[in-house]
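**Q** Sequence:
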Amino acid sequence: MPRFAPQIGIKAASKNVRNFVEGHKNVFWDIWKPMTPYVLAGCFLNLLFVYLFPPSVTADRIPSGYEFGVGGLINAYFFASLAISWHRVVIHGPNNLVPMDPFRPKKHELVFMLMCIAIPIVVSILGAVVALLGLLAIHLSPIITAIFVIAAFVLAVFTTYKVSFYFPAQATNNPITIKESFRLTNNKRIWEFYLVPLLSSWRITAMVFGYGLLSGVLFIILSGGQIAHIHETGTIPFALHFLSFLINMPFVFYFNPLLIVYGITSLSNYYQYALQHEVYPVV
15 MPRFAPQIGI KAASKNVRNF VEGHKNVFWD IWKPMTPYVL AGCFLNLLFV
65 YLFPPSVTAD RIPSGYEFGV GGLINAYFFA SLAISWHRVV IHGPNNLVPM
115 DPFRPKKHEL VFMLMCIAIP IVVSILGAVV ALLGLLAIHL SPIITAIFVI
165 AAFVLAVFTT YKVSFYFPAQ ATNNPITIKE SFRLTNNKRI WEFYLVPLLS
215 SWRITAMVFG YGLLSGVLFI ILSGGQIAHI HETGTIPFAL HFLSFLINMP
265 FVFYFNPLLI VYGITSLSNY YQYALQHEVY PVV
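If you're matching positions, the sequence shown starts at 15 in the numbering used here and goes up one per residue.
Because the hints were derived from the structure by calculation, they are not lab data. Given the structure is predicted, the values throughout are model-derived calculations rather than measurements. Just so it is clear, CB atoms sit at the ideal spot from N, CA and C, and this is done for glycine as well. A couple of the hints might just be wrong.
Capping the alpha-carbon separation at 30 angstroms, the derived lysine-lysine pairs in DSSO-like fashion look like this [unchecked claim]: (1) Lys-47 / Lys-29; (2) Lys-120 / Lys-193; (3) Lys-193 / Lys-39; (4) Lys-202 / Lys-176; (5) Lys-176 / Lys-29; (6) Lys-39 / Lys-29; (7) Lys-202 / Lys-47; (8) Lys-202 / Lys-120; (9) Lys-39 / Lys-25; (10) Lys-121 / Lys-193; (11) Lys-176 / Lys-193; (12) Lys-121 / Lys-29; (13) Lys-120 / Lys-29; (14) Lys-176 / Lys-121; (15) Lys-121 / Lys-25; (16) Lys-39 / Lys-121; (17) Lys-25 / Lys-120.
Just the calculated beta-carbon pair ranges, DEER-fashion [as the list claims (entries may be wrong)]: (18) Tyr-268 / Phe-167: 28 to 36 angstroms; (19) Pro-251 / Thr-50: 21 to 29 angstroms; (20) Met-221 / Lys-121: 36 to 44 angstroms; (21) Ile-24 / Phe-172: 17 to 25 angstroms; (22) Val-112 / Val-171: 42 to 50 angstroms; (23) Lys-25 / Ala-132: 33 to 41 angstroms.
Can you build the whole structure from these sequences, using the hints too?
**A** Shown next as structure tokens:
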């Protein structure tokens, strides 16, 4: 299998990303299938918490383990493992793939995981501070508040882009720092960075919306008779939670992993292109 050849330009990069993912679905399944039993266990763990600690829809109460997403944390770990392995598929090539072992993570893989948590938190805090300053100025002018809110959004989008190359570097154990990621990211390509994953995955995105619409209608139809019970007891029947569990399975095991793969391929595309025009080797 040939190695991925990075391209720039919205049309060219989108086609390149889409062709690579569609041409390597077998590699995707080879990586993802061994993880699915553990992801399913995480989903059942969430369902178990719902059964043992039924969440109230009205009462002011301490959230249960389900609401904290105990099983969701397990699933997020395996989604991150998939992301690390797929970075290596794109950057090292399918023939040279050494997938991450989720049960024996290396130091740089754990750093990847921790930064997946830390960076969004920091970006969110920065954006929230700017937005809060705008809300404090609302008595001066709603326009000033709107400007601050827009500035918070732009700051979050810009910062996310500038630190993004840190992740493929960590996935492939390339010693690039966040500071170097800032330098490597070309500000002129920020819109490409966000548009290419959307355009390259338009087919799977359309399937997500279509399935989401149909499953939503089905859920409303099947749960219609339970509304009175919910109002009377303040709790949602377990049968509805189980129905939601079944409906969500295609998202968990097919749509979400594939969208991750499209996003990772796009990110690795721009990362590799930047490295090929800098002094850093692709390792």
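**Q** Are the Cα atoms of Lys-39 and Lys-29 separated by 30 angstroms or less?
**A** holds, 16 angstroms
**Q** Within 30 angstroms, alpha carbon to alpha carbon, are Lys-120 and Lys-29?
**A** violated, 33 angstroms
**Q** Is the straight-line distance between the alpha-carbon of Lys-202 and that of Lys-176 30 angstroms or less?
**A** holds, 12 angstroms
**Q** Given the hint that Lys-176 pairs with Lys-193, test it: the Cα-Cα distance must not exceed 30 angstroms.
**A** holds, 9 angstroms
**Q** Against the 30 angstroms threshold, does the CA-CA distance of Lys-121 and Lys-29 hold or violate the hint?
**A** With Cα atoms ~34 angstroms apart, Lys-121 and Lys-29 exceed 30 angstroms; violated.
**Q** For Lys-202 and Lys-47, compute the direct alpha-carbon distance and say whether it is at most 30 angstroms.
**A** Not satisfied, since the Cα-Cα distance of roughly 38 angstroms exceeds 30 angstroms.
**Q** Below or equal to 30 angstroms on CA atoms is what counts here, so check Lys-39 against Lys-121.
**A** holds, 28 angstroms
**Q** Mind checking the alpha carbons of Lys-25 and Lys-120 for me, to see if they're no more than 30 angstroms apart?
**A** violated, 37 angstroms
**Q** Should the hint that Lys-25 and Ala-132 are 33 to 41 angstroms apart at their CB atoms be regarded as holding?
**A** Roughly 35 angstroms apart at Cβ, these two residues keep to the hinted range, so it holds.
**Q** So the hint says 21 to 29 angstroms: do the beta-carbon atoms of Pro-251 and Thr-50 match that?
**A** holds, 28 angstroms
**Q** Measure nothing beyond the straight line between the CA atoms of Lys-176 and Lys-121; if it is 30 angstroms or shorter, mark the hint as holding.
**A** holds, 23 angstroms
**Q** Starting from Lys-39, check that the Cα of Lys-25 is at most 30 angstroms away, please.
**A** Within the cut-off at roughly 22 angstroms; holds.
Consistency with the previously given hints fails for numbers 3, 7, 8, 12, 13, 15, 17 and 22, ordered from lowest to highest.
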